[in-house]
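If you read the sequences in order, they're chains H and F.
When we follow the working numbering, the leftmost residue of the first sequence carries the number 1, and every step to the right adds one.
When we follow the working numbering, the leftmost residue of the second sequence carries the number 1, and every step to the right adds one.
Simulated from the structure, these hints should not be mistaken for lab results.
Some hints could be false.
[To be verified] Cut-off 30 Å, straight-line C-alpha distance, at most; resulting in silico cross-link-like pairs (DSSO-like, lysine-lysine):
no. : chain 1 : residue 1 : chain 2 : residue 2
1   : F       : Lys13     : F       : Lys57
2   : F       : Lys1      : F       : Lys57
3   : H       : Lys81     : H       : Lys109
4   : H       : Lys81     : H       : Lys105
5   : H       : Lys81     : F       : Lys1
6   : H       : Lys109    : F       : Lys1
[Unchecked claim] Part of the chain F face toward chain H, derived, beta carbon under 8 Å:
no. : residue
7   : Gly42
8   : Leu43
9   : Leu90
10  : Gly107
[As the list claims (entries may be wrong)] On the chain F side, residues computed to face chain H include the following (Cβ under 8 Å):
no. : residue
11  : Glu101
12  : Gly105
13  : Pro106
We treat Cβ as the ideally placed atom computed from N, Cα and C, and that holds for glycine.
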Amino acid sequence: GQSLEQPSEVTAVEGAIVQINCTYQTSGFYGLSWYQQHDGGAPTFLSYNALDGLEETGRFSSFLSRSDSYGYLLLQELQMKDSASYFCAVSQDSNYQLIWGAGTKLIIKP
Amino acid sequence: KAGVTQTPRYLIKTRGQQVTLSCSPISGHRSVSWYQQTPGQGLQFLFEYFSETQRNKGNFPGRFSGRQFSNSRSEMNVSTLELGDSALYLCASSPASGADEQYFGPGTRLTVT
Chain H
1 GQSLEQPSEV TAVEGAIVQI NCTYQTSGFY GLSWYQQHDG GAPTFLSYNA
51 LDGLEETGRF SSFLSRSDSY GYLLLQELQM KDSASYFCAV SQDSNYQLIW
101 GAGTKLIIKP
Chain F
1 KAGVTQTPRY LIKTRGQQVT LSCSPISGHR SVSWYQQTPG QGLQFLFEYF
51 SETQRNKGNF PGRFSGRQFS NSRSEMNVST LELGDSALYL CASSPASGAD
101 EQYFGPGTRL TVT
C-alpha cells in the first residue's frame, strides 16, 4: 500500500526551531512537497524536494533522503502566525496525483 | 493573475439531494484536482482532470463525479448525498501535471443534514 506518516501534533515555543518529519512508503517516487494550512484556510505550497538534500526558503527549510524514504520540514525563528497544519505530499512518477499525509498540527506557545 | 475560485463557498443540503460544485483554475492552468477534507483528516483525492480528460480517480463511490470544460473550468457532482459527505471540498490547479505545485481555491464547505 501507499502511506505517509507524520506526527499528528507538535508543540513549540515562539522563537524556537521545530522539525516536522515525514516518512513515506509509495510505489514510485518523484518528489516530496510540503503545504501549510491555517484553520479555515486553503493549503498553500511551501517547498518541494526531488533530490536528496536541504532546500532553504527563508525561515523554512525542507530536507529529503530518498534512500531512507524520509523528509522533514524545518521551521526556524517560530512566529505565532506559523501556527497551522503542515502536510507532506508525495508525487509519484506513474500518475498525476499527490499522495497526502494526514497533517501535523503545529501549536506555538508564547 | 487571479487565483483559483470556487463556488459556492458554503452549501447546506439535505440527505438524498445532489449537489454541483464549481472550480475556475488559474488562467493557463490545465490540470484541476479535487479533494475532500474532513476535520482532522488529510486531503482525500477525488479526481484529476487535464484537457477535459479524467486522468486519475481516487477511491470514492460512483456518486462522486466530475468533468472539465474546454476553458479548464471544472465541476464536481455528488448525487444522493449522505451525512458523511459533509466536508470541505477543495479544488487545486496546476500548469501541467496534477503532481506539480498545486494552487488551491478557498474550498466549498458542504453540510448535509
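Here's how the hints hold up against the structure:
{"no.": "1", "hint": "F:Lys13 to F:Lys57", "result": "holds (25 Å)"}
{"no.": "2", "hint": "F:Lys1 to F:Lys57", "result": "holds (29 Å)"}
{"no.": "3", "hint": "H:Lys81 to H:Lys109", "result": "holds (11 Å)"}
{"no.": "4", "hint": "H:Lys81 to H:Lys105", "result": "holds (13 Å)"}
{"no.": "5", "hint": "H:Lys81 to F:Lys1", "result": "holds (25 Å)"}
{"no.": "6", "hint": "H:Lys109 to F:Lys1", "result": "violated (36 Å)"}
{"no.": "7", "hint": "Gly42", "result": "holds (4 Å)"}
{"no.": "8", "hint": "Leu43", "result": "holds (5 Å)"}
{"no.": "9", "hint": "Leu90", "result": "holds (6 Å)"}
{"no.": "10", "hint": "Gly107", "result": "holds (6 Å)"}
{"no.": "11", "hint": "Glu101", "result": "holds (5 Å)"}
{"no.": "12", "hint": "Gly105", "result": "holds (6 Å)"}
{"no.": "13", "hint": "Pro106", "result": "holds (5 Å)"}
Hint check: a violation occurs at hint 6 only; the rest are consistent with the structure.
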